[in-house]
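The lines below spell out each chain.
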Amino acid sequence: MSSSTELTEKKVFLLKSLDGVIFEVEESVAVQLEVIRELIEGDCARPFISLYNVTSEILALVIEYCKHHAETCSGGTSATIADEDLKTFDNEFMNVDENILLELCSAADYLDIKSLFELTCRTLASLIKDRTIIEVRKMFNVENDFSVVEEKAVRKEFAWAFK
Amino acid sequence: MSPSPPLSLSLPPYTNFTVILGVYLPRRLGFGFSLSLYIYIRKLLNLLGFSFNNDFESMSELTEDLLLDVLSRLPVISLLRFRCVSKSWKTTIDSSYFIKLHLNKSIKDVNSHKILAIGRDPSAVNDVIFCIVKFDSGFEFEGVQRIQSPIEKFKETVRFIGSCRFLICLKYTYRKIILWNPSVREHKILPYTDVEIEASRGRKYTQYRYSFGFGYDDLMDDHKVVRLVYDYRNCDYEIKVYSLKLNIWKKIEKFPILISWVSRPSFINGSMNWLVSQTKPTTTTFSTLSLLVLCLRTEVWQLVPLPELFGKYRMPNWEYCHFCSDLTHWMVGHCYSPGHGLWKILEHLKTELSTKLRSLHSDTVFSEIYRHRNWIPLQDKLLSESIEICRWGTFCWVDNLFRLTSS
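Going down the list, the sequences are from chains A and B.
Residue numbers for the first sequence follow the numbering used here, so the first one is 1 and each next one is one higher.
Residue numbers for the second sequence follow the numbering used here, so the first one is 1 and each next one is one higher.
Just so you know, the hints here were simulated from the structure itself, not pulled from any lab data.
Predicted model only: the values in this text are computed from it and were never measured.
Hints should not be assumed to be uniformly reliable.
Said to hold, decoys possible - Calculated lysine-lysine pairs in the PhoX-like style (CA-CA distance at most 25 Å, straight line):
(1) LYS152/A with LYS90/B
(2) LYS251/B with LYS240/B
(3) LYS152/A with LYS87/B
(4) LYS153/B with LYS156/A
(5) LYS100/B with LYS129/A
(6) LYS129/A with LYS87/B
(7) LYS90/B with LYS163/A
(8) LYS87/A with LYS134/B
(9) LYS156/A with LYS90/B
(10) LYS108/B with LYS129/A
(11) LYS87/B with LYS138/A
(12) LYS87/B with LYS100/B
(13) LYS156/A with LYS188/B
(14) LYS176/B with LYS254/B
(15) LYS188/B with LYS100/B
(16) LYS108/B with LYS87/A
(17) LYS188/B with LYS90/B
(18) LYS134/B with LYS163/A
(19) LYS138/A with LYS90/B
(20) LYS16/A with LYS114/A
(21) LYS156/A with LYS87/B
(22) LYS108/B with LYS114/A
(23) LYS129/A with LYS90/B
(24) LYS176/B with LYS240/B
(25) LYS114/A with LYS100/B
(26) LYS163/A with LYS87/B
(27) LYS163/A with LYS188/B
(28) LYS129/A with LYS134/B
(29) LYS100/B with LYS90/B
The task is simple: from the sequences and hints, build the whole structure.
Encoded structure:
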């Protein structure tokens, strides 16, 4: 399958999600998924690529993200405008249900999309940073194994951080 | 978990409820499977009317690597609070692995880059104040936050020695040297070490001249404080290096030259650099300056001669040089403006000297702030916040969890 025979038509790849939904994506989008780029380079991308860890719901979002980034970067606008545009897009894109965010983070990790992984991790961190200890315990389903005295002592070490 | 019976719910695609549970599910076991199954079941229950109110429930489903990655992006203050979450969280946050992970994220995150400044309140002349100058992501001045001095005593004599790999070294009188991490608000007082210059034994410590430097040995991952003491009358000197890891001072074999004057050192590319004069300058003659270089990794000396031109200019007030990331800035310090003759010579020599120094050591870590910062406007902005910055008094660091007291 040499690339020279396909000069005129755009290459498309088929991605199959965990739940069997097949997505058609252009090469410019597909190569942003590091995992898939490797498969393409190794010529193992036919007939379709099965992604066992990503549901169709999340994969649709991931593809939307990659599509937007691919289009903005290749569309002849100046770098600063493109940057601004991506920033607004990213902000809106992150405006989702926390659980979706979490799945996006795992998916970005699995699919090895660095910019999306950065974005989701940063967003998750900003959602956590101002939470109270009790909220964090609940959020991460962590049991408090400190005794009352122990917890007090740990708290005292950096008492200023609690003010 | 037993395989669930085949279920098929067809709903419009790309909605939150696109759920196709079926033949593909039991194929793959492991992390992805259990996470997805868990989410499916949750959504199924959601559809059936059970509500999951507690947001973020599945945060606990993050793999350990992902969890660490998210946590390492949190600000220091949040992490210090989250040490109370559980024993394992405390162990994680205190671990050297996590501290490094967090530091590497901080270095990349402009929002954790800060400048620490020592200043004076113009209304209360003798009061030294410490403040953190914050910048936004475009390196524009954002604001000032005053912080407490690590030691309240001797506050009026405090001097910056340096900032390196995210610790700050301060000097309170000649005897009291401290290392400080403003992020976790911890400091460590260095043990006292005597002056042992043979020729001038018995002098009082005030009769010597001192030059302190603060650097980092990347090979041993160790912060080092260097103290050069010289007796300008006998042109004799001694050098001692403090290692934070070992918590001891060590006397270093000195380079065989006589020293009559020495600048404040600058830590560049893994080496401590002093401008030294080997002969005493008088009112009519100028001294020849050289660059004395000590590699902190190997403790090997080098002497880089400087062109004679340097001697043609009066001895500048090198002591107040406060830029450490770039040789030119360091040389020029605060005393010379671009119109000055010496500046031009330095500009001319910059490339040659930088290359020379860089070849001694190639790795350097410094904050982007130094590259973008314009000193004069910053000073004006601080004045508007009623802080008058001492000219030797600014250093940059990034937020980090490095601890100075062993728990």
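For which of the previously enumerated hints does the structure constitute a violation, in increasing order of number? none
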